[in-house]
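**Q** Sequence:
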Amino acid sequence: MDLRQQGQDQLVQGRGRHDHDLHLRRRREPPAAAEPFRHDQLHLRLAGAGPHGVRPRLGDHDQRLRPGTRTTNITYTPEGKPEHITDPRNKTTILAYNPSGDLTSVKDPLNHETTFGYDDLGRRTSVTDALNHTTSTLYDDRGHVTRITSPDLTHTDFAYDAGGRRTSVTDPLGRKTSYVYDTYGRLMAVVDPAGGTTRYSYDLMGNLTSLTDANSHTTSFEYDAYNRVKKVTYPGGAYESFTYDSAGRLATRVDRKNVTTTYGYDVLSRLTSKTYSDGTPPVSYTYDDAGRLLTAGNGTDNLTWTYDLAGQLLTEASTKNGSTTAYTYDERGNPLSVSLGGSVYVTYAYDDASRLTTMTRGANAFGLGYADGIPGSIHAVSWRGRTVQ
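One rule links them: number in the working numbering = place in the sequence shown (from 1) + 89.
Since the hints were derived computationally from the structure, they do not count as laboratory data. The structure presented is a predicted model; accordingly, all values stated were derived computationally and were not measured. Every residue gets a Cβ at the ideal spot worked out from N, C-alpha and C, and that includes glycine. Errors might be hidden in some of the hints.
In silico DSBU-like pairs for lysine-lysine, Cα to Cα no more than 35 Å straight-line [to be verified]: (1) K180 with K170; (2) K346 with K409; (3) K319 with K346; (4) K346 with K320; (5) K170 with K196; (6) K196 with K180.
Okay, the calculated beta carbon distance ranges per label pair [said to hold, decoys possible]: (7) K409 with M294: 45 to 51 Å; (8) R450 with D260: 36 to 42 Å; (9) T332 with L445: 41 to 47 Å; (10) R213 with L445: 28 to 34 Å; (11) S432 with R213: 36 to 42 Å.
Make the full structure from the sequences, and use the hints.
**A** Spelled out as structure tokens, the structure:
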């Protein structure tokens with residue numbers, strides 16, 4: 090993996106997802122409880138410290154959540170439910186409710202309306218789009234979904250055991266997948282429509298210890314005292330192993346090629362470094378006050394990122410090839426253009442519902458047309474003067 094890919098992985102991780110090297114980290118309670126946070130009516134953090142004793146600074150949320158450059162106005166019903174949502178381009182979405190407070194309709198800025206139906210228990214039973222295409226849902230006496238019927242009247246059926254666990258799913262073609270559980274409610278086997286069986290086993294703590302697929306290939310898992318994965322053994326005998334620091338963060342990973350990756354973090358538990366046992370150059374990361382990735386470097390290439398007040402990526406630069414990629418956005422946050430080295434590479438245009446209508450690259454334009462009444466339903470595609478409907 091080159092530095093650009095590693096930087097992008099870490100950029101994604103900073104937005105709430107794990108990077109490739111952290112995908113096996115299991116969630117657990119920290120060794121020492123953190124001081125509870127207090128929040129205001131907007132659920133913004135007011136006070137409290139994290140597990141490392143770090144307290145957020147006054148104004149952190151303003152920087153991330155109140156950029157002040159775009160305004161979305163919302164009006165509410167007397168019951169406090171959103172009724173009119175007007176975006177920064179003054180386009181309004183209208184929501185309606187029944188006396189029980191259930192959402193009954195959503196009308197977008199193009200006057201496309203989706204309606205929702207409910208039973209006497211408040212369970213959603215139907216969704217109908219602006220072209221009168223309806224998807225309906227049936228329930229049993231315990232509230233479990235038993236059938237979903239599509240607009241073309243095909244349906245998917247679901248069955249459950251006495252404990253409410255789903256025991257089978259039958260698709261519109263009649264293909265049935267079955268599920269088997271033990272007395273503790275743990276999934277023990279899945280039987281696919283062809284009769285193949287995938288089996289699962291667990292330890293006394295409920296951790297998955299092995300998975301055997303329909304071809305009798307077994308992957309096994311071992312755990313430490315905190316129920317974190319410490320070893321994964323794959324079919325054929327190859328394995329990966331993991332260790333963790335005192336805060337529960339992934340400290341080392343030994344992959345199937347016996348290369349050890351060591352991870353370093355700052356006091357906010359953000360990944361700051363990766364080092365490798367095979368001589369691969371180490372990688373370092375830095376962040377801004379809002380937790381966004383600013384730099385990633387390995388001595389050969391250094392990547393930098395900048396953002397606007399709304400947290401949108403503005404530029405990405407590489408010292409290795411001397412290039413800078415720049416991005417612009419409209420008032421709603423939709424991408425408008427991508428520029429490479431100061432020259433516009435591609436531009437985008439949207440309709441009032443923020444649907445992509447045109448993507449232009451040089452002299453070539455790719456267009457999308459939408460069926461009336463169905464947000465997101467593509468009706469026509471045009472490219473280089475030719476249109477397909």
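**Q** Decide, hint by hint, whether the structure agrees.
**A** Quick rundown of the hints versus the structure:
1. Taken as a hint, the K180 and K170 pair is honoured in the structure, with Cα atoms around 19 Å apart against an allowance of 35 Å.
2. A distance of roughly 28 Å separates the Cα atoms of K346 and K409; the hinted pair therefore holds under the 35 Å criterion.
3. The suggested pairing of K319 with K346 holds, with an alpha-carbon distance near 17 Å, which does not exceed 35 Å.
4. For the proposed pair K346 and K320, the alpha carbon gap of about 14 Å is at most 35 Å, so the pair holds.
5. At most 35 Å may separate the alpha-carbon atoms for a hinted pair to count; K170 and K196 meet this at roughly 15 Å.
6. Taken as a hint, the K196 and K180 pair is honoured in the structure, with Cα atoms around 11 Å apart against an allowance of 35 Å.
7. Checked against the hint of 45 to 51 Å, the pair K409 and M294 passes, with Cβ atoms roughly 47 Å apart.
8. The supplied range of 36 to 42 Å is met by R450 and D260, whose beta-carbon atoms lie about 40 Å from each other.
9. Hint check: T332 to L445, Cβ distance near 45 Å, so the stated range 41 to 47 Å holds.
10. With their beta carbons about 29 Å apart, R213 and L445 fall inside the hinted range of 28 to 34 Å.
11. S432 and R213 have their C-beta atoms about 49 Å apart, which leaves the hinted 36 to 42 Å range violated.
Consistency with the previously given hints fails for number 11 only.
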